[in-house]
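S.K.: Here the protein sequences line up with chains A and B, keeping their order.
In terms of full-length UniProt numbering, the first sequence is residues 1 to 457.
In terms of full-length UniProt numbering, the second sequence is residues 1 to 457.
Derived by calculation from the structure, the hints in this document are not laboratory data.
If chains are identical, the list can't say which one is meant, so a pair holds when it fits in one copy or spans any two.
When the alpha-carbon atoms are kept at most 30 Å apart in a straight line, the in silico DSS-like pairs for lysine-lysine are as follows:
| hint | residue 1 | residue 2 |
| --- | --- | --- |
| 1 | Lys284 | Lys343 |
| 2 | Lys284 | Lys354 |
| 3 | Lys457 | Lys167 |
| 4 | Lys167 | Lys136 |
| 5 | Lys272 | Lys351 |
| 6 | Lys354 | Lys272 |
| 7 | Lys343 | Lys272 |
| 8 | Lys351 | Lys284 |
| 9 | Lys272 | Lys356 |
| 10 | Lys108 | Lys46 |
| 11 | Lys376 | Lys457 |
| 12 | Lys412 | Lys439 |
The structure displayed is predicted, hence computed values, not measured ones.
2 protein chains.
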Amino acid sequence: MQVWKDYQAENKDRFLEELLELLRIPSVSADSRFNGDTQRCAEAVKQRLQEAGADKVEVCQTAGHPIVYGEKIIDPSLPTVLVYGHYDVQPADPLELWHSGPFEPVIKDGNIYARGSADDKGQFYMHVKAFETMHKTNSIPCNIKFMIEGEEEVGSANLGIFLEQNKERLKADVVLISDTSMISLDTPSIDTGLRGLAYMEVEVTGPNRDLHSGVYGGAVANPATILAKMIASLHDENNHITIPGFYDKVQELSADERAALNAAPFDESAYKQDLGIADVWGEKGYSTIERTGIRPTLEVNGIWGGYTGEGSKTVLPSKAFAKISMRLVPNQDWHEISDLFTKHFEAIAPKSVKVKVTKHHGGSPYVTPTDSIAFKAAHEAINTTFGKAPIPVRGGGSIPIVALFEKTLGLKTVLMGFGLDSDNLHSPNEKYGLANYYKGIETIPYFHKYFAELAKK
Amino acid sequence: MQVWKDYQAENKDRFLEELLELLRIPSVSADSRFNGDTQRCAEAVKQRLQEAGADKVEVCQTAGHPIVYGEKIIDPSLPTVLVYGHYDVQPADPLELWHSGPFEPVIKDGNIYARGSADDKGQFYMHVKAFETMHKTNSIPCNIKFMIEGEEEVGSANLGIFLEQNKERLKADVVLISDTSMISLDTPSIDTGLRGLAYMEVEVTGPNRDLHSGVYGGAVANPATILAKMIASLHDENNHITIPGFYDKVQELSADERAALNAAPFDESAYKQDLGIADVWGEKGYSTIERTGIRPTLEVNGIWGGYTGEGSKTVLPSKAFAKISMRLVPNQDWHEISDLFTKHFEAIAPKSVKVKVTKHHGGSPYVTPTDSIAFKAAHEAINTTFGKAPIPVRGGGSIPIVALFEKTLGLKTVLMGFGLDSDNLHSPNEKYGLANYYKGIETIPYFHKYFAELAKK
Numbered sequence: 001m002q003v004w005k006d007y008q009a010e011n012k013d014r015f016l017e018e019l020l021e022l023l024r025i026p027s028v029s030a031d032s033r034f035n036g037d038t039q040r041c042a043e044a045v046k047q048r049l050q051e052a053g054a055d056k057v058e059v060c061q062t063a064g065h066p067i068v069y070g071e072k073i074i075d076p077s078l079p080t081v082l083v084y085g086h087y088d089v090q091p092a093d094p095l096e097l098w099h100s101g102p103f104e105p106v107i108k109d110g111n112i113y114a115r116g117s118a119d120d121k122g123q124f125y126m127h128v129k130a131f132e133t134m135h136k137t138n139s140i141p142c143n144i145k146f147m148i149e150g151e152e153e154v155g156s157a158n159l160g161i162f163l164e165q166n167k168e169r170l171k172a173d174v175v176l177i178s179d180t181s182m183i184s185l186d187t188p189s190i191d192t193g194l195r196g197l198a199y200m201e202v203e204v205t206g207p208n209r210d211l212h213s214g215v216y217g218g219a220v221a222n223p224a225t226i227l228a229k230m231i232a233s234l235h236d237e238n239n240h241i242t243i244p245g246f247y248d249k250v251q252e253l254s255a256d257e258r259a260a261l262n263a264a265p266f267d268e269s270a271y272k273q274d275l276g277i278a279d280v281w282g283e284k285g286y287s288t289i290e291r292t293g294i295r296p297t298l299e300v301n302g303i304w305g306g307y308t309g310e311g312s313k314t315v316l317p318s319k320a321f322a323k324i325s326m327r328l329v330p331n332q333d334w335h336e337i338s339d340l341f342t343k344h345f346e347a348i349a350p351k352s353v354k355v356k357v358t359k360h361h362g363g364s365p366y367v368t369p370t371d372s373i374a375f376k377a378a379h380e381a382i383n384t385t386f387g388k389a390p391i392p393v394r395g396g397g398s399i400p401i402v403a404l405f406e407k408t409l410g411l412k413t414v415l416m417g418f419g420l421d422s423d424n425l426h427s428p429n430e431k432y433g434l435a436n437y438y439k440g441i442e443t444i445p446y447f448h449k450y451f452a453e454l455a456k457k
Numbered sequence: 001m002q003v004w005k006d007y008q009a010e011n012k013d014r015f016l017e018e019l020l021e022l023l024r025i026p027s028v029s030a031d032s033r034f035n036g037d038t039q040r041c042a043e044a045v046k047q048r049l050q051e052a053g054a055d056k057v058e059v060c061q062t063a064g065h066p067i068v069y070g071e072k073i074i075d076p077s078l079p080t081v082l083v084y085g086h087y088d089v090q091p092a093d094p095l096e097l098w099h100s101g102p103f104e105p106v107i108k109d110g111n112i113y114a115r116g117s118a119d120d121k122g123q124f125y126m127h128v129k130a131f132e133t134m135h136k137t138n139s140i141p142c143n144i145k146f147m148i149e150g151e152e153e154v155g156s157a158n159l160g161i162f163l164e165q166n167k168e169r170l171k172a173d174v175v176l177i178s179d180t181s182m183i184s185l186d187t188p189s190i191d192t193g194l195r196g197l198a199y200m201e202v203e204v205t206g207p208n209r210d211l212h213s214g215v216y217g218g219a220v221a222n223p224a225t226i227l228a229k230m231i232a233s234l235h236d237e238n239n240h241i242t243i244p245g246f247y248d249k250v251q252e253l254s255a256d257e258r259a260a261l262n263a264a265p266f267d268e269s270a271y272k273q274d275l276g277i278a279d280v281w282g283e284k285g286y287s288t289i290e291r292t293g294i295r296p297t298l299e300v301n302g303i304w305g306g307y308t309g310e311g312s313k314t315v316l317p318s319k320a321f322a323k324i325s326m327r328l329v330p331n332q333d334w335h336e337i338s339d340l341f342t343k344h345f346e347a348i349a350p351k352s353v354k355v356k357v358t359k360h361h362g363g364s365p366y367v368t369p370t371d372s373i374a375f376k377a378a379h380e381a382i383n384t385t386f387g388k389a390p391i392p393v394r395g396g397g398s399i400p401i402v403a404l405f406e407k408t409l410g411l412k413t414v415l416m417g418f419g420l421d422s423d424n425l426h427s428p429n430e431k432y433g434l435a436n437y438y439k440g441i442e443t444i445p446y447f448h449k450y451f452a453e454l455a456k457k
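Construct the entire structure; sequences and hints are all you get.
M.R.: Listed below in structure tokens is the structure:
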């Protein structure tokens with residue numbers, strides 16, 4: 001609609017300035033040293049929601065980082081959309097690999113470079129500006145609620161409690177989230193599925209103290225060596241995961257479904273070139289699209305033990321550690337998988353070491369029904385502003401709370417993401433395209449418009 | 001001799017005070033942040049040598065940490081003993097495991113707790129005080145030269161050059177070193193052999209940047225997983241090292257030699273209890289004494305990659321690293337073994353990753369001739385002050401420069417160590433027994449006495 005176009009054109013620069021301000025706050029949820037900043041970030045989100053026209057805006061404290069809530073009820077008889085996003089970000093390290101400060105946003109080659117630019121500050125803030133657009137032009141087509149949390153990157157531990165305690169306040173017809181990617185601005189797509197997650201930490205203890213590797217080397221189990229052997233054994237020669245029972249509940253797709261998935265445009269040589277790898281790697285018998293979309297995985301996210309400083313130290317370490325996470329697909333249950341992992345990891349430990357396995361967090365996989373009116377509204381909105389119908393794809397990432405919304409609030413979720421896989425999510429030099437940002441702000445009002453219309457029918 | 005006994009009794013407390021002062025200097029050679037302290041430590045050693053009565057004492061600068069030289073030539077026609085030691089120490093981390101500051105020595109239960117107390121400040125300083133004893137009582141039986149270096153813990157990179165440039169100044173009949181252990185004060189022993197060392201660092205690179213483990217996980221080789229698989233493959237199911245050619249030059253001992261070694265008192269259950277391990281671990285077909293004495297080993301001294309901070313980060317890391325060192329036995333050559341390791345490690349890397357292998361440092365293994373007069377002198381000296389003949393044993397550690405002395409100066413070395421394997425060398429809470437310290441000071445003058453006498457014959 002022209003009024004939206006005009007309003008957004010007039011306020012283009014301010015829309016960007018406000019986002020940059022938000023990106024300057026290092027709201028890292030994983031590291032308690034940043035707790036003051038996450039709090040400050042929540043307050044900033046609250047202020048922006050109020051300025052945009054939301055009512056009953058509140059910073060809701062939790063046992064962890066706060067959740068910001070706001071709403072606009074224009075008519076209780078109209079459908080309600082619950083917009084979810086998160087203002088917390090991943091840790092920025094390794095800092096030395098950033099070309100500019102992770103919390104000093106820089107615009108370069110049409111991109112905003114900053115931690116959280118795409119994941120998820122840049123994407124949830126599109127909804128705030130889209131809402132402002134509709135509000136200031138008196139054209140809000142349905143009720144809209146906002147729930148912006150601060151613990152998505154650490155497993156949303158307190159969101160479940162919040163949902164339980166606020167079922168009435170959160171009543172809605174659908175959840176709308178922009179925290180995923182599309183293939184490209186030329187080839188828009190919508191994620192119809194997300195993988196679940198089970199995040200574990202393991203500790204392997206050999207001798208009760210660090211030892212001299214000359215005096216004891218060769219006679220005492222080295223926990224770093226044993227940990228390496230244990231991790232190595234978690235994938236077989238075909239890169240199948242060896243944990244007993246791991247695949248039991250994995251939903252196998254039909255040949256047609258797999259063909260449809262593989263029909264999505266994908267240039268493997270460009271993919272390899274972008275990552276600087278000579279070859280892809282993964283489970284035998286599946287394409288790259290399948291490996292990241294419909295197959296479960298097991299990845300070492302971090303490993304450490306012994307002397308890792310400058311120079312050399314001839315030590316036989318007492319302990320070695322690893323952070324290991326598994327991506328899950330329907331119908332794997334993350335609690336069950338976490339238990340299978342723990343049981344297996346303890347079982348394969350040789351007598352010479354002790355192992356301790358800790359659950360960090362997790363979430364269930366989710367698939368969006370493509371026949372829902374919400375999905376159709378997203379499909380049409382993108383079709384309108386991109387001039388192209390979006391391709392349905394399976395996303396490899398996880399937003400554990402999507403399954404939580406269904407379980408606790410009985411709500412389906414639409415994943416209308418505007419990022420790109422090349423945005424360096426969770427990596428140094430995270431970026432978000434200016435074009436993606438503005439395209440999102442342009443598209444979102446149409447989602448509400450079409451959703452309201454389809455809901456009437 | 002009574003004069004020695006009396007002098008040492010009178011100066012007992014000062015001997016200890018001076019050592020504690022030396023231990024307060026954090027002369028960590030591996031970490032350049034401590035370069036000022038290593039320099040300061042060298043100056044302190046110089047001052048102590050001068051006070052003890054040494055002539056021509058000099059802090060000799062090198063491309064790295066300085067070497068302190070001093071000498072006492074009482075008669076050029078008499079034999080000369082070259083005393084070697086090192087004032088540099090291992091890094092102190094992990095700091096949190098120390099019960100007291102690593103560089104704030106405390107006396108507890110008859111032990112001196114401090115980094116470097118046993119390795120090697122406490123041990124080389126015995127020689128300074130033994131020398132002082134003989135000098136102040138006008139009873140030096142032979143010429144004595146001191147060479148105390150500052151890079152032993154990082155491979156003595158510049159000592160070889162120093163030896164080459166100072167062959168005349170370092171002319172001697174034998175090298176005497178106290179930088180090893182004995183079985184116990186009740187069961188004195190002398191190391192007749194040392195293992196060599198080849199210390200490597202490996203870097204495995206997967207994608208050119210850290211990736212989101214959800215978006216890319218399962219389709220891109222994870223360098224931490226690959227590194228684990230590569231490390232795991234370096235030992236087979238019998239804990240034999242799998243590097244082709246690794247064992248080719250290993251000297252196999254005769255059944256008699258092995259029986260003699262295994263005759264040394266060793267209590268495996270006490271060993272396991274001390275280390276808090278349920279079982280020992282190592283190369284099939286060899287005893288613990290053999291595994292640490294006459295067999296080569298491969299140990300992971302450090303491993304790191306990905307996110308190792310608080311909480312969780314769902315990252316697929318770009319790089320993973322490990323420090324890996326091998327202990328070598330006669331007649332393995334450390335350059336050759338380093339090359340075999342490099343070749344093998346590069347060969348086993350899958351196409352999906354890049355590997356970089358770096359040599360840190362190394363040294364050749366060494367065996368002391370037990371029929372030399374120097375060994376006999378050490379044997380007799382210990383017999384005199386301990387009232388027991390020392391047992392010859394094979395040490396597992398490495399003092400690479402011992403082989404260097406033979407090659408460059410044509411000198412054999414006697415390893416008259418007074419430490420204990422339980423002194424936590426290279427570990428938190430390193431200690432050195434007061435009794436060991438004083439016993440060493442008491443014993444060393446007898447070595448010089450007997451060596452001079454046997455040399456005359």
